[in-house]
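Asks: Sequences and hints are given; from them, build the entire structure.
Order-wise, the sequence lines are chains A and B.
Using this note's numbering, the letters of the first sequence map in sequence onto residues 228 to 331.
Using this note's numbering, the letters of the second sequence map in sequence onto residues 228 to 331.
A hint or two may mislead.
[What the hints assert, rightly or not] With a straight-line cut-off of 30 Å between C-alpha atoms, the simulated DSBU-like cross-links for lysine-lysine are:
#	chain 1	residue 1	chain 2	residue 2
1	A	Lys310	B	Lys310
2	B	Lys248	A	Lys248
3	B	Lys235	B	Lys248
4	A	Lys235	B	Lys310
5	A	Lys235	B	Lys248
6	A	Lys248	A	Lys235
7	A	Lys248	A	Lys310
8	B	Lys235	A	Lys310
9	A	Lys235	A	Lys310
10	A	Lys248	B	Lys310
11	A	Lys235	B	Lys235
12	B	Lys235	A	Lys248
In short, the hints are calculated from the structure, not lab data.
2 protein chains.
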Amino acid sequence: MIENEIFKALADPTRRAIFEKLASGSMNASALRDGMDISQPAMSQHLSVLRSARLVREERRGRFVNYEVDPDGLALIAGWLAKYRAYWPARIDALKALLKDMDQ
Amino acid sequence: MIENEIFKALADPTRRAIFEKLASGSMNASALRDGMDISQPAMSQHLSVLRSARLVREERRGRFVNYEVDPDGLALIAGWLAKYRAYWPARIDALKALLKDMDQ
DNA sequence: CCAACAGATAAGCACAAACTTATCTGATTC
DNA sequence: GAATCAGATAAGTTTGTGCTTATCTGTTGG
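Replies: As structure tokens, this is what we get:
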């Protein structure tokens, strides 16, 4: 059940921070670690969780592995959220802004 | 940090099942427990987690407490997701369907 | 070829979390 | 008022998870 993996992946602040770093572009594991106070194996573990959850994907370039956001995981969250559209009255401003963007 | 609570709340299959039951309407804790093989205190704990995450809200009616979906938590997920709109190319069919619904 | 580097994996530890049984608190009914 | 009911809370157990140090595997450069 991929949904469980996705929510679990995002339920950790360190992993969310990693994901947010990747939102601004592809990075290797060492670069991701800059400015974060975690060990190298911890980073490796977190990236493994994010990859399994399809929130990031990787591309090996020789000795380096570059990671980037994988849209698949985000699509799955959106799909899950879409099940509850009855609860989306005019109150959800964030999504309305998104709607506007996508219409352009 | 409410985001962490929300993702954690949804990272458990039992809690997601409870949430999905509530999506079809308000229910008390006992009714929620029907067809689920968990103890009464477990149900109470899960509802407490969902409430703290603002995914459900409650209303006491005498001896009964009715629970229902709280749109606030959903809105927060949508808000988080909206941060990654650059990753929403034409591939996200679930959201496009949602867009169509909300335009009506 | 070998040393250095990047990152994955193994193993261990401390704490968190999902479950339980037991108990408590508040509401309802007779 | 007492018994029953609904649900919260307490405490304990088991399992899972985020961290670490140690080690391994594969790539690069001299």
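Asks: Now tell me if each hint is right for this structure.
Replies: Tested hints:
1. A:Lys310 / B:Lys310: holds (20 Å)
2. B:Lys248 / A:Lys248: violated (35 Å)
3. B:Lys235 / B:Lys248: OK: Lys235 (chain B) and Lys248 (chain B) at ~18 Å, within 30 Å.
4. A:Lys235 / B:Lys310: holds (19 Å)
5. A:Lys235 / B:Lys248: holds (21 Å)
6. A:Lys248 / A:Lys235: Measuring from Cα to Cα gives roughly 18 Å; hence the hint holds.
7. A:Lys248 / A:Lys310: Between Lys248 (chain A) and Lys310 (chain A) the Cα gap is close to 29 Å, so the pair holds against 30 Å.
8. B:Lys235 / A:Lys310: With a Cα-Cα distance of about 19 Å, the restraint between Lys235 (chain B) and Lys310 (chain A) holds, given a limit of 30 Å.
9. A:Lys235 / A:Lys310: Given pair Lys235 (chain A), Lys310 (chain A) holds - Cα atoms ~19 Å apart, limit 30 Å.
10. A:Lys248 / B:Lys310: Within the cut-off at roughly 12 Å; holds.
11. A:Lys235 / B:Lys235: Between Lys235 (chain A) and Lys235 (chain B) the Cα gap is close to 6 Å, so the pair holds against 30 Å.
12. B:Lys235 / A:Lys248: Holds, at roughly 21 Å.
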